[in-house]
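> From first to last, the protein sequence lines stand for chains A and B.
Positions 1 to 383 (our numbering) are the ones given, in order, by the first sequence.
Positions 1001 to 1375 (our numbering) are the ones given, in order, by the second sequence.
Calculated directly from the structure, the hints in this document are not laboratory data.
For each residue, glycine too, the CB sits at the ideal point set by N, CA and C.
One should not assume that every hint holds.
To be verified - Taking lysine-lysine pairs in the DSS-like style, the calculated list, with each CA pair at most 30 Å apart, reads:
no.	chain 1	residue 1	chain 2	residue 2
1	B	Lys1091	A	Lys172
2	B	Lys1163	A	Lys363
3	A	Lys169	B	Lys1091
4	B	Lys1091	A	Lys92
5	A	Lys92	A	Lys172
6	B	Lys1160	A	Lys356
Said to hold, decoys possible - Stretches of chain B that chain A covers, calculated by requiring three or more beta carbons in the stretch to come under 8 Å of a beta carbon on chain A:
no.	region
7	1035-1047
8	1198-1209
9	1257-1270
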Amino acid sequence: MMLEVIFANSALMIMLTGALVGCASTLVGTFLVLRGNSLLSDAISHSIIFGIVVVWLLTHATAGPVQIVGAALTGVLTVFLTELLFSTRRVKYDAAIGLVFPVLFSVGVLLLNVYARDVHIDQHTVLLGEIGFVWLDTMAIGGYEVPQAVVFMGLVTAVNLLFVTLFFKELKITTFDPGLAAALGFAPGVMFYALLFLVSATGVAAFDAVGAVLFIAFVIVPPSAAYLLTDRLWLMLVLGALISIAASVLGYYAAITLNVSIGGMMAVMTGVFLALAFLFGPRYGIIARAYRRQAERQENELRTVAVHLFSHEDTRDRAEENVAQALRTHLGWGADTAHRVIANGISDDLFVRDGKLLALTPKGRATARSILEPWRTEAQGQP
Amino acid sequence: MLDLLSDYTIQTVAMGAALLGVSSGVLGCFAVLRRQSLLGDTLSHAALPGVCLGFLVAGTRDLGSILAGALVTGAAAALVVLALTRLSRLKTDAALGVALSVSFALGVVLLTYIQGTGNASQGGLNSFLFGQAAAILRSDLWIMGGIAAASLALVAALWKEFKLVSFDPGFATSLGLPVVVIEITMTVMVALAVVIGLQMVGVVLMTAMIVAPAVAARQWTRRLGSMVVLSAVFGTVAGVAGATLSATARGLSTGPLIVLAISAIVFVSLLLSPERGLLWEMARRWRDRRSLRGRQVLTTLHAMAAEHGDRSYPAELGSLDTYHGTDTRRVLARLEQRGLVRPVTHAPETTPHWELTPSGHVEARRLAADIEGHQ
Chain A
1 MMLEVIFANS ALMIMLTGAL VGCASTLVGT FLVLRGNSLL SDAISHSIIF
51 GIVVVWLLTH ATAGPVQIVG AALTGVLTVF LTELLFSTRR VKYDAAIGLV
101 FPVLFSVGVL LLNVYARDVH IDQHTVLLGE IGFVWLDTMA IGGYEVPQAV
151 VFMGLVTAVN LLFVTLFFKE LKITTFDPGL AAALGFAPGV MFYALLFLVS
201 ATGVAAFDAV GAVLFIAFVI VPPSAAYLLT DRLWLMLVLG ALISIAASVL
251 GYYAAITLNV SIGGMMAVMT GVFLALAFLF GPRYGIIARA YRRQAERQEN
301 ELRTVAVHLF SHEDTRDRAE ENVAQALRTH LGWGADTAHR VIANGISDDL
351 FVRDGKLLAL TPKGRATARS ILEPWRTEAQ GQP
Chain B
1001 MLDLLSDYTI QTVAMGAALL GVSSGVLGCF AVLRRQSLLG DTLSHAALPG
1051 VCLGFLVAGT RDLGSILAGA LVTGAAAALV VLALTRLSRL KTDAALGVAL
1101 SVSFALGVVL LTYIQGTGNA SQGGLNSFLF GQAAAILRSD LWIMGGIAAA
1151 SLALVAALWK EFKLVSFDPG FATSLGLPVV VIEITMTVMV ALAVVIGLQM
1201 VGVVLMTAMI VAPAVAARQW TRRLGSMVVL SAVFGTVAGV AGATLSATAR
1251 GLSTGPLIVL AISAIVFVSL LLSPERGLLW EMARRWRDRR SLRGRQVLTT
1301 LHAMAAEHGD RSYPAELGSL DTYHGTDTRR VLARLEQRGL VRPVTHAPET
1351 TPHWELTPSG HVEARRLAAD IEGHQ
């Protein structure tokens, strides 16, 4: 009873489809992003249209395993042709990508033009998908009417998850060190093409829901956002999946509110998450990095002052050197910088004001010593 | 044929296609040479939100504001790519992919928003996806022509600078050229080329018109000047062919037809161009391999003769095959034609045998000396 209600809930099914598209794409997309090959997903997603039309012409299959595997082969074909063209050394790799997929895409679109009346897909589905209608096409699974898109996307997600789990070590090593992988006998080429096949299969399964171009967003953007947040591969996969799920849910409600394309809004939401990671990422976000740079600069300023004060501490020119004015004339700092450094140094308890003089505290002296005579502090540090 | 040429629509379409071909041909050369082919892909997908914004601002299908919008969002996408590659740890490919897919998604959202408003003239926007030559108006040509003329004038004026920055940005910097400004100008020009072609080819396939004419032209020449001219010619031929075909045959999208036309030109150029043609290279390799096999067999026969101290040592065909791991019959036939070997019998065996002729010995010794000379 419970499941029946769930499967009949169109909003939930749309979000579930989006989340499955996102998770399946992220699982394979992560490795493309890490390998620096993410634009192959652009080439693949465009050219599977050719495969979908050809498979339809041959078998009249518009969904299901035959269609997914058959059409996915064109994605692999695209990459193969691209590499072949590149291997002639007549064009650069980026130009090779830009030459091959438009041909397959064009043939696919023209075939659609010719057979438009018969094929259930029109030109707009090709680009935009119809995730809003996924709950219309259902199939019976164990007595329940389940949307087809959910079934097939669920299957593809499971296959991708299985692939990534089983070959985690192999994928890791072929991604980060293809040379070593080849030396160890891991056949990086085989792993690469297996990965691309899964990218294509995911693209075909996701095609009805999000179309060719929005699929690219799900492959590239969540892993990129996750890459800005972590250095760990497994965490990157998990974060990417979470971002896709969140983007699907938020995208759905935003699209319903504004009455716009649901798939488009979900893809836009992945972009929003990327922007957030880019700005606020704890380690690689630009705000965190700017903050860290500033902290480092202040630290260096304080160390500079400590050394300056220390080296003139017991000398005759102390009265001339160890005063606020000297920081501006001798260290070349502006009034603002000098002010800030002095305030920071006093609040950090590195030195104190003694009339006009700046006098080091024991802590300040220790800081200067550790810079000037590191061997001594190290020796002291040892028990 | 004359009917076709005098048809008003066809004339308009052909002129639009020519403008597209020339501008994308010329401007694409620099993008391809600077390894920025896929920037064209990103910029063309990123034009979609601009098309919609231009439409929303103008409230109607006004080409001027639509193209201005496309240029603005294209530039914004280029900036996003720049920011992501410079300020984050993402690599160029991911940055391009992010900008491409997210801006296209934004375009899709705006497109459906416009459809939701029920504006009567919104139907025209769909032609920007795959291109629709027949939708081009005479007045559109002035706008396209104006942009094309401006960008071509820019190329002519900054020719030397563009050339230098494309081939050797380091040297250009050392000469004190404002390399960054020139690079930005070249990126903007890719966006301009995209904008000119939008109506013809559509946002999805415009990248092919940036890359393909330049790649085809590169096959035929090694000079930038002639490459740019050839690229413009190829672009024009493909544009006019594809566009007129689409305008006459109803129901076929213009963009794919133009792309197939230019791809055919690329294919022929890759195979048949005089110096860099793949067909010639394959033929050369085949000839090399054949002559190498002949030299190998000759050397073997010579070595066997020397080993046995018998200048007319008869070598058995089967053993030669086994030794070289290949069928040597035809190699020997060619050598016989050159008078270097001759067939002999070696009773009581009945299998064919071969021995070196005197000139064969001379040739084999020359080969051996050659090899030693190289060592």
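> Next step is simple, just say for each hint if it's right about the structure.
Hints, verified against the model:
1. Straight-line distance between C-alpha atoms of lysine 1091 of chain B and lysine 172 of chain A comes to about 18 Å, which keeps the hinted pair within the 30 Å bound.
2. Under the criterion of a C-alpha separation no larger than 30 Å, the hint pairing lysine 1163 of chain B with lysine 363 of chain A is inconsistent with the structure, at around 60 Å.
3. A C-alpha spacing of about 23 Å is found between lysine 169 of chain A and lysine 1091 of chain B, which places the hinted pair at or below 30 Å, so the restraint holds.
4. For the hint pairing lysine 1091 of chain B with lysine 92 of chain A, the CA-to-CA distance comes to about 18 Å; that is within 30 Å, so the pair holds.
5. Restraint check: the Cα-Cα separation between lysine 92 of chain A and lysine 172 of chain A comes to about 27 Å, which is no more than 30 Å; the hinted pair holds.
6. A threshold of 30 Å between alpha carbons decides the hint, and for lysine 1160 of chain B with lysine 356 of chain A the separation of about 62 Å lies outside it, so the pair is violated.
7. Residues of the region 1035-1047 of chain B with a Cβ under 8 Å from some Cβ of chain A number 7, which satisfies the need for three, so the listed coverage holds.
8. Here's how the region 1198-1209 of chain B fares: 4 of its residues keep a CB closer than 8 Å to some CB of chain A, so the rule of at least three is met and the hint holds.
9. Counting residues of the region 1257-1270 of chain B whose beta carbon lies closer than 8 Å to any beta carbon of chain A gives 6, which reaches the threshold of three, so the coverage claim holds.
Of the numbered hints stated above, those contradicted by the structure are hints 2, 6, listed in ascending order.
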